[in-house]
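Residue numbers for the sequence shown, in this note's numbering: 9 to 120.
Read the hints as simulated data drawn from the structure, not as lab findings.
Ideal Cβ placement from N, Cα and C applies to all residues, glycine included.
Check each hint, because a few of them may be wrong.
Said to hold, decoys possible - Straight-line C-alpha distance at most 27 Å; calculated BS3-like pairs for lysine-lysine:
1) K80 - K69
2) K80 - K98
3) K69 - K98
Said to hold, decoys possible - Using C-beta positions, here's what the derived DEER-type ranges look like:
4) N18 - G115: 34 to 40 Å
5) A108 - S83: 29 to 35 Å
6) I49 - R111: 30 to 36 Å
7) G115 - H90: 36 to 42 Å
8) H15 - N112: 18 to 24 Å
9) A85 - N113: 34 to 40 Å
10) D22 - E70: 20 to 26 Å
11) K69 - L44: 35 to 41 Å
12) Q65 - T97: 33 to 39 Å
13) N113 - H15: 34 to 40 Å
14) R25 - E76: 34 to 40 Å
15) T73 - I49: 17 to 23 Å
16) A38 - P88: 25 to 31 Å
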Amino acid sequence: VGRDLAHIGNCLCDLGRLDDAATSFREAHAIDSAALGAEHIHTANDSASIGLVLATQRRWKEASTHLEGAHKLLSAALEPHHPNLVSVTKFLAECHEQLANERNNNGADQQT
9 VGRDLAHIGN
19 CLCDLGRLDD
29 AATSFREAHA
39 IDSAALGAEH
49 IHTANDSASI
59 GLVLATQRRW
69 KEASTHLEGA
79 HKLLSAALEP
89 HHPNLVSVTK
99 FLAECHEQLA
109 NERNNNGADQ
119 QT
């Protein structure tokens, strides 16, 4: 069931229904985590999918939490050039960059 929900989440992403996709990925994550364990590759991919949706929505802080956990697990399980790991690494770097920009902009706003 977890894999089915993840596939549905991917379809919803393709349709631009990001909130619904995030819900589907969260449900997949809950099922996979309970059935397979928090360290399983499917659970890590579910977390990555949640993070990717949140990053697409520019919800950087929430996204980085999911992507950091996924990155840790995927780095241990996959080759460095695996497409899933490359994608998570890219989106995680973007989240960190955007969060740094927000901190810098907030600091600049406070100085003026």
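Which numbered hints fail: 5, 8, 11, 12 and 14
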